[in-house]
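Line order of the protein sequences matches chains G and P. Note that our numbering numbers the first sequence so that position 62 is 62, with each residue one more than the last. Note that our numbering numbers the second sequence so that position 50 is 50, with each residue one more than the last.
In case anyone wonders, no lab produced these hints; they're calculated from the structure. Some clues are possibly wrong.
What the hints assert, rightly or not - Straight-line alpha carbon distances no greater than 16 Å define the calculated EDC-like cross-link-like pairs of lysine to aspartate or glutamate that follow:
| id | chain 1 | residue 1 | chain 2 | residue 2 |
| --- | --- | --- | --- | --- |
| 1 | G | 227 | P | 36 |
| 2 | G | 227 | G | 146 |
| 3 | G | 227 | P | 41 |
| 4 | G | 112 | P | 5 |
| 5 | G | 227 | P | 5 |
Chain by chain, the residues run as shown.
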Amino acid sequence: MHKFANPARFMRLSNMFLPWCTGFTVLLFALGLYYALFLAPEDYQMGNTYRIIFIHVPAAYMAQFGYGVIAVASAVGFIWKHPLADQAARATAPMGAAFTALALVTGSLWGKPMWGTFWIWDARLTSMLILFFVYLGYIAVWQTIEDQTRAAKIAAIVAVVGLVNVIIIKFSVDWWNTLHQPASLIRLDGPTIGGDMLAALLLMIGAFNMFFITLLMWRIQSLILRKRIRSLRMQIGGGQD
Amino acid sequence: MAPNEIYIVSSYVAGAIVLIGLAVASWRAKKQDENDLRELEKQLRELSDKSDI
């Protein structure tokens, strides 16, 4: 694992994979949207409004997945001092926050026609809103603490503590009476939706995942370059003194 | 437009805005960092050339 954590090797490998990942992302989005908007049939109860799930579910899934990535990367950075782990966690946070915001907005847009309201202080909705604030807090730690080593340590603690909320999000629909429907995809007895609806949903989740991987590589590359820029600036500054 | 279509369209528009926004911001940041690095490396080369003289 350590040999892949070498920034120079990461830059080389990611440059090799990036065109393929970008192409695959575009392909999955094209296929996913075609299935979601044209092939998936109308729902007998919700009509076409249910098509919001093809944006809402992947966004909500990526919001939680992104936080999982941050927690694991932070723990690895904290324990084994991997040079790339903290950068991966830091690079993931803005994407996770954006996916959480998207899940909240599309959830509200689905809630209005289905429940008659844009927002309710329901356990699932509230825990997702808390996740959004945890993301903002995590980003703020990196932005406000100048010493990067200290920022990484504090951010790692925030990330691991915030993981409790992700578990609450997952089980909120089972632990409390909520307006939000229970899980219909990741269940012990299998998904409760099928056919073209399931295919469209899986394709869109795949597309969001590939998008996340592609952007994560760009963002980590950017953070590695910034580290190099900082050290060059110090070199030039030191040389001029 | 059917009464609920506004919610469907708004969801897809919100999705497009977030995804395109993220992609553009990440891409521009990377390009900016690459340019900054090139500029600094050029400055460093010029400085080391001067010190050689």
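Between the alpha carbons of residue 112 of chain G and residue 5 of chain P, is the straight-line distance 16 Å or under?
With a Cα-Cα distance of about 12 Å, the restraint between residue 112 of chain G and residue 5 of chain P holds, given a limit of 16 Å.
Residue 227 of chain G paired with residue 146 of chain G [C-alpha distance capped at 16 Å]
Holds: residue 227 of chain G and residue 146 of chain G sit about 13 Å apart, inside 16 Å.
For the pair supplied as a hint, residue 227 of chain G and residue 5 of chain P, is the alpha-carbon distance within the 16 Å limit?
Answer violated: residue 227 of chain G to residue 5 of chain P is near 47 Å, above 16 Å.
Does residue 41 of chain P lie within 16 Å of residue 227 of chain G when you go C-alpha to C-alpha?
14 Å, holds
Regarding the pair residue 227 of chain G and residue 36 of chain P, is the alpha-carbon distance no greater than 16 Å?
12 Å, holds
The earlier numbered hint that this structure contradicts is number 5, and it is the only one.
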